[in-house]
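Q: Spelled out from the first residue to the last, the chains are:
There are 2 protein chains.
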Amino acid sequence: MRFNLVILMKIVILGFGAVGQGVTRVISLKREYLLDKYGLQLDIVAAVDRSGAALSENGLEPETLLETKAETGKLSQYPEYGVEGVSGLELLDEVEYDCLVEVTPTNIEDGEPALSHMQKAMEKGKDVVTSNKGPLALSFTKLAETAQKTGTNFKYEASVGGAMPIINLAHDTLAGSDVESVYGILNGTTNYILSRMAKEGSSYEQTLNEARELGIAETDPSQDVDGWDAACKIVILANSVLNRECALEDVKVEGISKITPEAMALAKKEGYLIKLIGEASQDVLEVSPRLVKEGSPFAVEGTLNVATLKTDLAEDVTVVGKGAGSIETASAILSDLLNIWNSG
Amino acid sequence: MRFNLVILMKIVILGFGAVGQGVTRVISLKREYLLDKYGLQLDIVAAVDRSGAALSENGLEPETLLETKAETGKLSQYPEYGVEGVSGLELLDEVEYDCLVEVTPTNIEDGEPALSHMQKAMEKGKDVVTSNKGPLALSFTKLAETAQKTGTNFKYEASVGGAMPIINLAHDTLAGSDVESVYGILNGTTNYILSRMAKEGSSYEQTLNEARELGIAETDPSQDVDGWDAACKIVILANSVLNRECALEDVKVEGISKITPEAMALAKKEGYLIKLIGEASQDVLEVSPRLVKEGSPFAVEGTLNVATLKTDLAEDVTVVGKGAGSIETASAILSDLLNIWNSG
Chain A
1 MRFNLVILMK
11 IVILGFGAVG
21 QGVTRVISLK
31 REYLLDKYGL
41 QLDIVAAVDR
51 SGAALSENGL
61 EPETLLETKA
71 ETGKLSQYPE
81 YGVEGVSGLE
91 LLDEVEYDCL
101 VEVTPTNIED
111 GEPALSHMQK
121 AMEKGKDVVT
131 SNKGPLALSF
141 TKLAETAQKT
151 GTNFKYEASV
161 GGAMPIINLA
171 HDTLAGSDVE
181 SVYGILNGTT
191 NYILSRMAKE
201 GSSYEQTLNE
211 ARELGIAETD
221 PSQDVDGWDA
231 ACKIVILANS
241 VLNRECALED
251 VKVEGISKIT
261 PEAMALAKKE
271 GYLIKLIGEA
281 SQDVLEVSPR
291 LVKEGSPFAV
301 EGTLNVATLK
311 TDLAEDVTVV
321 GKGAGSIETA
331 SAILSDLLNI
341 WNSG
Chain B
1 MRFNLVILMK
11 IVILGFGAVG
21 QGVTRVISLK
31 REYLLDKYGL
41 QLDIVAAVDR
51 SGAALSENGL
61 EPETLLETKA
71 ETGKLSQYPE
81 YGVEGVSGLE
91 LLDEVEYDCL
101 VEVTPTNIED
111 GEPALSHMQK
121 AMEKGKDVVT
131 SNKGPLALSF
141 TKLAETAQKT
151 GTNFKYEASV
161 GGAMPIINLA
171 HDTLAGSDVE
181 SVYGILNGTT
191 NYILSRMAKE
201 GSSYEQTLNE
211 ARELGIAETD
221 PSQDVDGWDA
231 ACKIVILANS
241 VLNRECALED
251 VKVEGISKIT
261 PEAMALAKKE
271 GYLIKLIGEA
281 SQDVLEVSPR
291 LVKEGSPFAV
301 EGTLNVATLK
311 TDLAEDVTVV
321 GKGAGSIETA
331 SAILSDLLNI
341 WNSG
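Protein chains in written order, with the numbering used here: chain A, 1 to 344; chain B, 1 to 344.
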């Protein structure tokens with residue numbers, strides 16, 4: 001007879017939109033895989049949305065969480081274990097857990113409520129995994145210091161480029177090389193719009209409207225097209241990969257709304273495309289439209305994200321991946337959870 | 001007063017061509033960085049070339065190793081610590097060390113002498129890091145079993161695509177996703193030739209001669225242009241990333257010598273390029289010329305390598321990097337050494 005040791009990791013999910021639901025689905029999909037390969041069981045002991053929470057110290061059923069949300073729109077309607085009106089911050093005092101998965105919507109004004117969630121969890125000695133750009137773009141240094149002080153893991157691969165692995169790539173896979181700069185297309189919506197404009201010769205307004213109809217651009221697309229989403233990511237990369245202490249206010253930001261079909265055509269004639277590029281180095285923090293060469297890794301189309309790490313030894317290393325998507329972003333969160341587990 | 005703990009890792013370098021010299025240079029360049037950041041000191045206790053060896057249990061001077069090689073062509077001429085005629089296999093019995101860096105030339109006939117070097121080191125409980133494709137393409141299963149049996153680390157990031165990180169990316173960075181297939185341009189020489197042919201409309205023979213003159217193609221370029229180099233890498237990826245047990249003889253291989261300017265022009269007219277593509281999945285093991293779309297990540301030019309991992313959760317993740325180069329390949333070896341150190 002053989003006994004198998006199973007390690008439980010208890011998780012609280014704050015925020016139950018596309019990413020929170022993706023994480024829940026992935027935990028359900030990968031249950032067997034995680035048990036077989038890692039001897040790890042991920043138990044969701046609480047999940048919170050605007051309506052309240054579902055919580056059970058013995059673990060909630062991922063499928064029931066997803067069904068409850070799909071059918072009623074409210075986690076507080078979770079059978080037996082639903083609670084109305086409880087906030088994320090309150091809940092973090094009441095539940096016993098190992099790791100907070102912070103996936104509430106990004107707020108680039110003050111980073112709340114996510115910032116308080118993360119601080120509170122770490123101060124109680126809990127690990128934090130997040131896809132939430134707001135607190136990181138505004139208060140990276142503070143969060144990193146809290147993690148250091150409390151000896152907790154603070155992981156945020158999903159906050160930059162969804163399923164495009166870049167932060168852990170720089171930290172672990174390229175451990176021997178120093179990263180000198182990061183340069184990339186960090187926003188899928190603008191890449192889609194610019195790719196269509198280059199191909200069709202269409203105007204910015206017309207293409208944006210098409211993207212809205214396809215659900216690629218949001219009804220209010222300003223965070224994407226004005227460059228703020230990419231700027232958040234550049235701040236996160238500058239802090240985490242280049243060890244710079246900086247925040248969103250330090251980034252020079254220019255969006256894509258002034259790009260004309262004529263400018264596109266002119267660039268194309270010389271073998272170039274126009275892309276919205278984010279760049280971070282020790283001297284530069286910038287998001288702006290730039291020329292990139294056709295035939296270079298930056299000539300990618302559609303909603304893809306791409307980023308190049310310029311290193312001292314490995315030279316340029318480029319990664320391309322899906323920048324968004326519920327399951328894709330959740331996969332980055334799962335990788336972070338596994339890396340925490342592996343390091344523990 | 002503050003004491004700093006320094007961990008010593010004693011290394012034997014077998015093979016002192018471009019990669020062996022690159023590793024030595026990188027160890028010299030990164031001495032301070034490794035001490036500061038990791039508290040790690042890498043000591044080269046022996047280095048071997050065809051002439052013999054330099055060995056000292058207190059560590060050899062990297063700069064003296066490089067100078068001796070540059071000036072005399074023979075490590076056996078290393079001042080005081082040079083020894084003539086000793087073989088790698090003999091040396092592994094005589095020296096005390098922690099990790100073998102196996103960087104002798106790739107031999108795809110029987111994998112020797114590297115295969116015996118690696119087996120011997122692991123059987124004595126030593127870790128192995130290598131860039132050598134031969135033993136892995138011929139005897140991956142055997143080597144992996146030996147590593148498992150002896151509880152040693154066996155790392156080979158540098159064997160596929162030099163500084164393009166792919167193996168550790170799949171294992172660690174994408175830990176939560178299952179990789180279903182790998183698809184890539186895994187040979188820089190052929191990518192250079194095909195990119196030039198597409199651009200200039202020149203013939204295969206003419207372009208190959210140009211590449212030879214530039215030092216991009218070797219005098220005998222058959223391993224590259226006939227697809228065997230890419231086939232070795234596909235075998236390594238199939239074994240390590242897809243958990244397939246296979247060897248070089250299982251790969252269907254076709255090179256690029258039959259590609260005509262006419263075929264190139266025809267493809268281009270429809271928005272395609274011709275590239276030498278390696279593919280591995282549970283059903284496929286193949287290297288052959290294929291059409292790739294302009295504007296896709298595979299449209300990269302020059303000597304770059306690119307590979308896409310198709311995963312269940314993160315969808316397609318693509319990496320692009322320098323496939324060769326002394327320092328670039330050495331950087332992958334250094335990352336492997338650091339990952340061994342981190343896991344230890």
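Hints listed in this document are in silico derivations from the structure and should not be mistaken for laboratory results. Among the clues, some could well be false.
A pair counts as met if it fits within one copy or between any two copies, since identical chains are not told apart.
Keeping only pairs whose Cα atoms sit at most 25 angstroms apart, straight-line, the calculated SDA-like set for lysine to any residue is [stated by the list, open to error]:
| hint | residue 1 | residue 2 |
| --- | --- | --- |
| 1 | Lys74 | Gly201 |
| 2 | Lys310 | Leu29 |
| 3 | Lys293 | Glu57 |
| 4 | Lys269 | Glu301 |
Q: Hint by hint, note whether the structure agrees.
A: So, going through the hints one by one against the coordinates:
no., hint, result
1, Lys74 - Gly201, "neither (44 angstroms within a copy, 62 angstroms between copies)"
2, Lys310 - Leu29, "between (36 angstroms within a copy, 17 angstroms between copies)"
3, Lys293 - Glu57, "neither (54 angstroms within a copy, 51 angstroms between copies)"
4, Lys269 - Glu301, "both (18 angstroms within a copy, 19 angstroms between copies)"
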